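Asks: Letter by letter, the chains look like this.
Protein chains: 2
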Amino acid sequence: MSKSLIEKKLSSTAIYEGRIVNLRLDDVKLPDNNEAKREIVEHAGGVSVIPYLTASKEVIMVRQFRNPIDEVLLELPAGLLEMNEDPQNGARRELEEETGYKTGDLKRIGSFYTSPGFCDEEIHLYLAQDLTKHVQKTDGDEFIEIVKMPLSDIKQKLYTPEISDAKTVIGLQYLLKYLEQNNIK
Amino acid sequence: MSKSLIEKKLSSTAIYEGRIVNLRLDDVKLPDNNEAKREIVEHAGGVSVIPYLTASKEVIMVRQFRNPIDEVLLELPAGLLEMNEDPQNGARRELEEETGYKTGDLKRIGSFYTSPGFCDEEIHLYLAQDLTKHVQKTDGDEFIEIVKMPLSDIKQKLYTPEISDAKTVIGLQYLLKYLEQNNIK
Chain A
1 MSKSLIEKKL
11 SSTAIYEGRI
21 VNLRLDDVKL
31 PDNNEAKREI
41 VEHAGGVSVI
51 PYLTASKEVI
61 MVRQFRNPID
71 EVLLELPAGL
81 LEMNEDPQNG
91 ARRELEEETG
101 YKTGDLKRIG
111 SFYTSPGFCD
121 EEIHLYLAQD
131 LTKHVQKTDG
141 DEFIEIVKMP
151 LSDIKQKLYT
161 PEISDAKTVI
171 GLQYLLKYLE
181 QNNIK
Chain B
186 MSKSLIEKKL
196 SSTAIYEGRI
206 VNLRLDDVKL
216 PDNNEAKREI
226 VEHAGGVSVI
236 PYLTASKEVI
246 MVRQFRNPID
256 EVLLELPAGL
266 LEMNEDPQNG
276 ARRELEEETG
286 YKTGDLKRIG
296 SFYTSPGFCD
306 EEIHLYLAQD
316 LTKHVQKTDG
326 DEFIEIVKMP
336 LSDIKQKLYT
346 PEISDAKTVI
356 GLQYLLKYLE
366 QNNIK
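Just so you know, the protein sequences line up as chains A and B, in that order.
Residue numbering for the first sequence follows my numbering, starting at 1 and increasing by one per position.
Residue numbering for the second sequence follows my numbering, starting at 186 and increasing by one per position.
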């Protein structure tokens, strides 16, 4: 790490400890020795899956009400990691719970932080092919509609408000590039 | 909106009101009439810019310590919107403050939510070309290193831990596609 950029934590105060997030307030020493306060949201991290049906050229997506923005969004299947869960197992579990599909071909794409300026949430992204239909089994407080979206629609809707969830944008951008590079049209 | 997915807010309790985030706890009625609690982080939203130097085929990025994850990340220039600020003006302002560059060609790409399951943060993304160097003027508590990254490096580092900030992944995926489609090699 560049030493000239690093902040040193002086103290930390827990503001809230919840089910999905914790909030803490840190006092830090800046590289110029001044002090500042940092509001930090702690999050367990999650997984997201691009389920691609090769034969029909469709992505299995989920439509879900998102309370913070008061909108129904179209997203890739995703969910929180359980305690000590391996991300690959979490991806298989969430794919099956949310869509009812199991995969025989799961490929890790990469991981990213959703908003590292204030939050430590990291999402691990996977591409799932060789999909077979089983039974959807969402959590009690999850209400989800499954949408099979053709590639042609995805190309049109990317960068429009219809697809506006960050992990979903990243996953679909990746898929389009992947299919092109592998000459899957 | 699909009525069968929508949650109805019953009550809302403010937990914390801060400089960057607020935290509130909502009681909601689910589509099946059961009740649930939702932890919601409120955030003012931000802008991010892909500053592309056409002649040298480089993207101007910033290296910055991110307290929540205790790492120095390589990101696209970005920042919070000021009160009532037009996102396009915010993009120009943040580009100049963080990198010292002004743009004569700013193009809106789209907007996305960083983590809509618990947070309302929305980021507006722009592509900036026709760049001219002026003076960097960061905020007092911002310590930023400017990195000009060649396209060839970006192609290699995308989907590796070196580029792991969501808005940056989205912006660079967009740029590579845009250059390819416009036959800019």
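The set of hints was computed from the structure by calculation and includes no laboratory data.
Here the structure is a predicted model, which is why all the values come from computation and not from measurement.
Cβ coordinates follow ideal geometry from the N, Cα and C atoms, glycine included.
There may be inaccurate statements among the hints.
Now the stretches of chain B that chain A is said to cover, found in silico as 3 or more residues with beta-carbon under 8 Å [stated by the list, open to error]:
hint, segment
1, 213-221
2, 236-247
3, 275-284
4, 311-325
5, 331-340
6, 345-359
With a Cα cut of at most 25 Å, we get these calculated SDA-like pairs of lysine to any residue [what the hints assert, rightly or not]:
hint, chain 1, residue 1, chain 2, residue 2
7, B, Lys-194, A, Lys-29
8, A, Lys-155, A, Asp-139
9, B, Lys-362, A, Leu-10
10, A, Lys-8, A, Asn-22
11, B, Lys-318, B, Glu-307
12, A, Lys-107, B, Asp-338
13, A, Lys-137, B, Lys-193
14, A, Lys-29, B, Leu-361
15, B, Lys-193, B, Arg-204
16, B, Lys-242, A, Leu-80
17, A, Lys-37, B, Lys-193
18, A, Lys-29, B, Glu-330
19, A, Lys-107, A, Leu-80
20, B, Lys-194, A, Gly-79
21, B, Lys-194, A, Lys-107
Asks: Can you name, in rising order, the numbers of the hints this structure does not satisfy?
Replies: Numbers 2, 3, 4, 5, 7, 8, 9, 11, 14, 15, 16, 17, 21, in rising order.
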